[in-house]
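Visitor: Sequence:
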Amino acid sequence: MRHLAAIGAVLLVTACGSTDAHDAGHPPAAASPAASTAPSTAPSAGPFNGTDVQFATDMIPHHRQAVDMAAMAATKASDPGVKAIAAKIRAGQEPEIATMAGWLTAWGEPVPSPGAMHHDMGDMGGMPGMLTDTELRQLGAASGAAFDKLFLTLMIKHHEGAVETATTAQAQGESPAVKQLAGAVVASQTAEIAEMKALLDKLP
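The opening position of the sequence shown corresponds to residue -13 in my numbering, with each subsequent residue numbered one higher.
Derived by calculation from the structure, the hints in this document are not laboratory data. Honestly, I wouldn't trust all of these hints.
Okay, derived cross-link-like pairs now, DSSO-like style, lysine-lysine, Cα gap no bigger than 27 Å in a straight line [stated by the list, open to error]: (1) K188 with K69; (2) K188 with K74; (3) K69 with K143; (4) K188 with K135; (5) K135 with K165; (6) K143 with K188; (7) K69 with K183; (8) K165 with K74; (9) K183 with K74.
Simulated DEER-style distance windows between Cβ atoms [to be verified]: (10) P162 with T61: 31 to 41 Å; (11) E80 with A184: 23 to 33 Å; (12) A184 with E95: 31 to 41 Å; (13) A87 with G169: 11 to 21 Å; (14) A92 with P190: 43 to 53 Å; (15) V97 with T120: 26 to 36 Å; (16) K74 with P100: 14 to 24 Å; (17) K183 with E95: 27 to 37 Å; (18) G126 with L189: 14 to 24 Å; (19) A60 with P33: 23 to 33 Å.
Just so it is clear, the structure is predicted and the values come from calculations on it, not from any experiment. Glycine is no exception: its CB is placed at the ideal position from the N, C-alpha and C atoms.
Work out the full structure: start from the sequences and follow the hints.
Guide: Here's what the structure looks like:
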C-alpha cells in the first residue's frame, strides 16, 4: 500500500508539473502575432545607395509642388477634365510623399521641409520639371479657361521631369522599394501626360 501511495504521489506531481509547463508556454504563443507584425512597420528594409537617397530627397519637393498645383485646380479650373486629373494627381502623390519621407528617416537622412527646394532650381540644374517662381505666379493669377491651358502645359512639363528622374532611379538605384516606386511613377505619370495632352488638344 505504501508503495502504491508513493507511485500515486509521483504521478500527481508529474501531472501538475506538466500542466505548469503547458501554462507557462501560453504567453509566448499569445505574443507571437504582435511580434510577427513588427517587421512590416519598418520602412525601406534592405540595401540603398546615393541614387536612392537623391531620388527621395528631390522627388518629395517635386511631388509637393504638384500637389500645390493640383489644389489650385480645385478652385480655379473650369474644365471638368482638368479638375478630375488634378484630383487624381493629388490623390496619387500625397501618399508617395509620406512613403519617401519614411525612407529618408529610416536611412538617417534629412527629410526636406516644405519650401526647402527653391522653385527656380528647375532652371539651375536641379530637379527636372520644377516650376519657377514666375511660372507659379502666372498659374496663381490665372483662372477659368486660361488656367486650364496653363495648368496642363506646366503639369505636363512637371510630369516629364518626374519621369526622367524616376527612370534614372530605376537604372541606378539599389533599393528594391525605390525601384518599385520609381517604376510606378514612370507608368502613372506617363499615362497622365498622355491624358493631359489629349485634354489640352480639346480645349478651345
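Visitor: Now tell me if each hint is right for this structure.
Guide: Comparing the hints with the structure gives:
no.	hint	result
1	K188 with K69	holds, 15 Å
2	K188 with K74	holds, 19 Å
3	K69 with K143	holds, 18 Å
4	K188 with K135	holds, 10 Å
5	K135 with K165	violated, 33 Å
6	K143 with K188	holds, 18 Å
7	K69 with K183	holds, 15 Å
8	K165 with K74	holds, 22 Å
9	K183 with K74	holds, 16 Å
10	P162 with T61: 31 to 41 Å	holds, 40 Å
11	E80 with A184: 23 to 33 Å	holds, 24 Å
12	A184 with E95: 31 to 41 Å	holds, 38 Å
13	A87 with G169: 11 to 21 Å	holds, 20 Å
14	A92 with P190: 43 to 53 Å	holds, 49 Å
15	V97 with T120: 26 to 36 Å	holds, 27 Å
16	K74 with P100: 14 to 24 Å	holds, 22 Å
17	K183 with E95: 27 to 37 Å	holds, 35 Å
18	G126 with L189: 14 to 24 Å	holds, 19 Å
19	A60 with P33: 23 to 33 Å	violated, 40 Å
When held up to the earlier numbered hints, the structure conflicts with 5, 19 and fits the remainder.
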